[in-house]
Each structure stands twice: as structure tokens, then as C-alpha cells.
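Asker: Sequence:
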Amino acid sequence: MAMDAKGNNHKAAGRPDGGQFDRKAGQGSDDDLEAVSSDSVFSKGVRQRISQYGGYTTEGDEELLSDEGLASYSPKAIEMFDALIDDEMAGFDGDGVDPDAAAAWRRSMHRATLHSLDGDDGHLAGWLRRELEDRMQAEDIPMDGPEADADDRLAAKAGLDTWAPEPLDMADALVDNGMDGLEGDGYDEGTCFAWARSMYREMI
1 MAMDAKGNNH KAAGRPDGGQ FDRKAGQGSD DDLEAVSSDS VFSKGVRQRI SQYGGYTTEG
61 DEELLSDEGL ASYSPKAIEM FDALIDDEMA GFDGDGVDPD AAAAWRRSMH RATLHSLDGD
121 DGHLAGWLRR ELEDRMQAED IPMDGPEADA DDRLAAKAGL DTWAPEPLDM ADALVDNGMD
181 GLEGDGYDEG TCFAWARSMY REMI
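Residue numbers for the sequence shown follow the UniProt record's numbering, beginning at 1 and rising by one.
There may be inaccurate statements among the hints.
Computed beta-carbon distance windows for the label pairs [to be verified]:
(1) Ile204 x Asp121: 17 to 23 angstroms
(2) Gly96 x Asp121: 40 to 46 angstroms
(3) Asp140 x Glu202: 29 to 35 angstroms
(4) Glu133 x Asn177: 20 to 26 angstroms
Simulated from the structure, these hints should not be mistaken for laboratory data.
Even for Gly, the Cβ is constructed at its ideal location relative to N, Cα and C.
Using the sequences and the hints, build the whole thing.
Answerer: Have a look at this one:
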């Protein structure tokens, strides 16, 4: 996923959602709108992805994947988060971003994402909250204080924006990365799309 000069995240080209973009958190929002369950929003987005990839039924996809020796799985919420973070940091490497600034950005992304989950009682939010808290405790990443402020300043100085990613963006990153691996291993588009559909189904 690439970010343009306006901060909009563009999907990978060559995929059903290629060329579309997701606005940064808070853009185009209306606080007066009735609150909608985060789980229902995520499920709707995932079902749209399955439809965009078109093709076989659940049984047909499972049969195709089995014939190819492949299988989908139900990813942890933190795996989806990591996929997006890793994707962005890979871009930093290519842009020559200072490693210390990239590490500071990564820590700030953990904080921003965890903070965004406040008040969200959805199942996915609950899983991600617990997994982020465990990660931050294990890696000694403070939620606030001087170290957090220093990370924010270092990331900002390097021109790195910090935001709270949407769950669907995290899911897309995991699926896109997996498809890239399958394509690199020589699997055809039909097989890659079947795997993508199966992965999205696992997330509902």
C-alpha cells in the first residue's frame, strides 16, 4: 500500500481494489452520524473484498487450494497489524528513512492504534487491544510520557505520519503480502484469488 502526498493510502495495483484509496482516520467523517459496530463495518468490508475477487464458492476454493497443497487460516489481529506496519517499513527502507526514525514511528503506531480502540467493544478490537498491550509490555513501549513524545518528534522530523489504521486496511495488507508470496512461488492468478477469498472468509 502506498501513501500519496495528501496522505491517502492507495491499494496495490493489479488487484480488484487497485487504485482505490482509504482516507486517513478522521477524514470525511461525521461525528453526528449514528455509531455503527466496528465488527459489522469490518465484516461488510471483508464481504466486499470476497465479492471483488469473484470466482468460486467456498467449497470450490477449498478444493482448488487443497489440490495445490495450500490452505487458508484464521489470522490473529496482531498479525494483520504487523502486515501493515511491515509493508510501510519496507517502503521506508527504499526511501532511505533513518532506522531510528522508522523504529520510533513503529512504536508510535502501536500507541496510536491502541488509543483508537478506546471505547470500542467489538470482538476484533478486543483481540487487537489485548495483543497490542501484550506486545507493548514485552517490548517495554510506554503508552505516554517523555519516551512517547520523543518518538513522535523523531518520526515527525523524518516526515513520517502516525495514524490509527482501519481493520480492513490491516486485513488487506496481510492478504496482499500473502498473495505476493504465492505469485513469487509461481501460483497462477486463479489460485491466488482463491486463497485471498478463503483468507477473508476466515476473518468474518
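Asker: Give a verdict on every hint.
Answerer: Against the structure, the hints come out as follows:
At about 18 angstroms, the beta-carbon gap between Ile204 and Asp121 stays in the expected band of 17 to 23 angstroms. Checking the proposed 40 to 46 angstroms range against Gly96 and Asp121 shows it holds: the Cβ atoms sit about 42 angstroms from each other. Between Asp140 and Glu202 the beta carbon distance is about 32 angstroms. The supplied range of 29 to 35 angstroms therefore holds. Taken as a hint, the range 20 to 26 angstroms holds for the pair Glu133 and Asn177, whose Cβ atoms sit roughly 24 angstroms apart.
Taken one by one, the earlier hints all hold for this structure without exception.
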